[in-house]
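Fit chains X and B to the given chain L structure using the hints.
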Amino acid sequence: MTSSHTPPLPRLTLVLGGARSGKSRHAEGLVAQAPPPWLYIATAQAFDAEMEARIAEHRGRRDARWVTRDAPLALADAIRESPPGQPVLVDCLTLWLTNVMLAERDVAAECAALVATAREASGPLVLVSNEVGLGIVPENALARRFRDAAGRLHQDLASAAERVLFVVAGLPMTVK
Amino acid sequence: MTSSHTPPLPRLTLVLGGARSGKSRHAEGLVAQAPPPWLYIATAQAFDAEMEARIAEHRGRRDARWVTRDAPLALADAIRESPPGQPVLVDCLTLWLTNVMLAERDVAAECAALVATAREASGPLVLVSNEVGLGIVPENALARRFRDAAGRLHQDLASAAERVLFVVAGLPMTVK
Amino acid sequence: MTSSHTPPLPRLTLVLGGARSGKSRHAEGLVAQAPPPWLYIATAQAFDAEMEARIAEHRGRRDARWVTRDAPLALADAIRESPPGQPVLVDCLTLWLTNVMLAERDVAAECAALVATAREASGPLVLVSNEVGLGIVPENALARRFRDAAGRLHQDLASAAERVLFVVAGLPMTVK
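Residue numbers (the working numbering), protein chains in the order written: chain L, 3 to 178; chain X, 3 to 178; chain B, 3 to 178.
Do not rely on the hints blindly, as some may be mistaken.
With a Cα cut of at most 27 Å, we get these calculated DSS-like pairs of lysine-lysine [claimed, not checked]:
1) B:Lys178 / L:Lys178
2) L:Lys178 / X:Lys178
3) B:Lys178 / X:Lys178
Beyond 10 Å from chain X on every Cβ pair, some chain B residues (computed) [as the list claims (entries may be wrong)]:
4) Asp65
5) Gly135
6) Ala152
No wet-lab data here; the hints were simulated from the structure. We put the beta carbon where it would ideally sit given N, CA and C, even for glycine.
Looking at chain L on its own, in the form it has when it is part of the complex (with noise of 0.2 Å):
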C-alpha cells in the first residue's frame, strides 16, 4: 500500500499534538501505509462516561485489519511481546503516564523503561502523545509533575525517533 509520494515507515515515529489535534487519525494512516494486519495498543481506561464515548470513538474508526491490544500500564511489555515485523501504534503515552502516576508506580523507572523498549524495538513502531506544556503554568503541583515527566519523555522517545511530527489541526509539521 506503501505510495510512490510517501516516504516509508521507519522504526520509530513520534506523532505529538494538542487535544483534538487529529494525531491519532493521523497516526493510523502512517501505518496503514504498511501491510496489514496492524496491531493496535490503547491505553486508555475508561472511568467515566466521557473516556468511554471518546474510546468507542476511536475504536468505530478502526476496521478488522487492526488487531486491538489494552495496556493501560505494562505498555513496554506490549510493545516487546508484538509480532516482529508486524506494525504497532501505541495511542497515547500521555493516556499511560496518567495510568502510571495514578497506580503510584515509579514514574522515572517506568518511562526510563519505555525509552529503552522504544529505542529497541525493530519497528515499525509509531508512538502518539499529547503535547501538553504549552499553556499556562497549572496552579496543581501533580499537574506540573505530570506536564514535567511528559515533556522528558517526549524529548527522549524524540532523540530515539527517526521521524518526529506535530500534527496541528490534523496536518503534520515535520519536527525531525
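Just chains X and B now, kept in the frame of chain L:
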C-alpha cells in the same frame, strides 16, 4: 497591492495561533494584499472591560478601508451575505464558538453549517482562530467540551482550506 | 567550535518552547558553538524546593566555561553590562516577567526597556522563553495578564531577532 514576493491570497486560509501570538495582525496583513475594501467580521462580544479594551485595540488598528460587521452568532450568514469577490476576515472562531456554547445552541450543527459555508465560499476568506489544545487537560468539563469542539472545527476547516498557518510570536509557520 | 554544518550564531536569537521542551538545553548548545567563555544570565528565583531543584539541575549541566550572573529583575542592565562580543544566554524571559509582575513593576515599561536593549545588543544574544498561550483561557485574571504580556514581548523580540526557533520535544523548528 500584491507584491511579486507574496503568494496570491487563496480562496480559504485558516490562521491558527495562541493568545497574543499576533495571529489577527498577521491575518489583517494577508487580507490587505488584495485591493480594498475589506470586510471584517467580528465575533467578539464585550461582556466586561477587559474584552472592551481588546475590541477597541483591534478596531483602532484598522483604517477606513475596512468595513466591520458584527456576527457574534450568525457567522455563517455573515460570510454568505458578504459581497462576492470582497476579501473577508473573520476574527475569531473561538470567540464565536464561545458565544454558541453560552447561547446553548447545538454546537455540532452550528459548526457543521459553518464548515459547509466555508467550503462553498468563493473567497478570499481568511479565518482566525485560537489554538487551545496544547496545555494540560482542563479540570472544568465545559472547558474540555470547548477544547474538543474547537479542535474538531479546526480539523474540518483545515481540511477545506488551501492554506493553513500556525502563528508563533507574530511569525507564520506554514502547515499547509 | 563552529562547524561547517552549523549556521553562525546571529546577533539575536529567540528560543521559544513549552515547559520541559528542551529549549534551555537547545539554547545552551547554540551558544556553545561560539568560543567560550559564555555568560549565562539566570532570571530564576528559588521561592520553594521545586524551583531550587530545577535551578540546581540547570546549573549542574553547565561546566566552568559558563559564567553565571543572576538577574531576576535587572535583566536589561545585565545584558547591557555584558562584556562586548561575549555570547550571552538569558534563561528565561517568562520567569523574569513573573518576577516583574510579583514586584509590581510597570510591566509595559519594563518590557519596552528589555526590547530596546535586545534591539541594540551587539550579540550574540540568545533569549529563552516559555510559550504559554496555547492552552485554554486561564480562569485567573493575573494569569491572563501574564499570558498577554508574554505574548506581546515574544512578538516584539521575534520582530527584532535574526532567528526564532520553536522547540518541540528537544528539536528546533525554524520560525524565522
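Worksheet item: Within a Cα-Cα threshold of 27 Å, do lysine 178 of chain L and lysine 178 of chain X meet the stated pairing?
Response: 17 Å, holds
Worksheet item: Was aspartate 65 of chain B rightly flagged as not at the interface, with every chain X Cβ beyond 10 Å?
Response: 31 Å, holds
Item to complete: May I ask you to check that glycine 135 of chain B keeps its beta-carbon over 10 Å from the closest beta-carbon of chain X?
Response: 3 Å, violated
Fill in: chain X versus alanine 152 of chain B - minimum CB to CB distance exceeding 10 Å, so not interface
7 Å, violated
Practice prompt. Starting from lysine 178 of chain B, check that the Cα of lysine 178 of chain X is at most 27 Å away, please.
Written response: 17 Å, holds
Worksheet item: Does the structure keep lysine 178 of chain B and lysine 178 of chain L at a Cα separation of 27 Å or less?
Response: With Cα atoms ~17 Å apart, lysine 178 of chain B and lysine 178 of chain L stay inside 27 Å; holds.
Checked against the numbered hints given earlier, the structure breaks hints 5 and 6 and satisfies all the rest.
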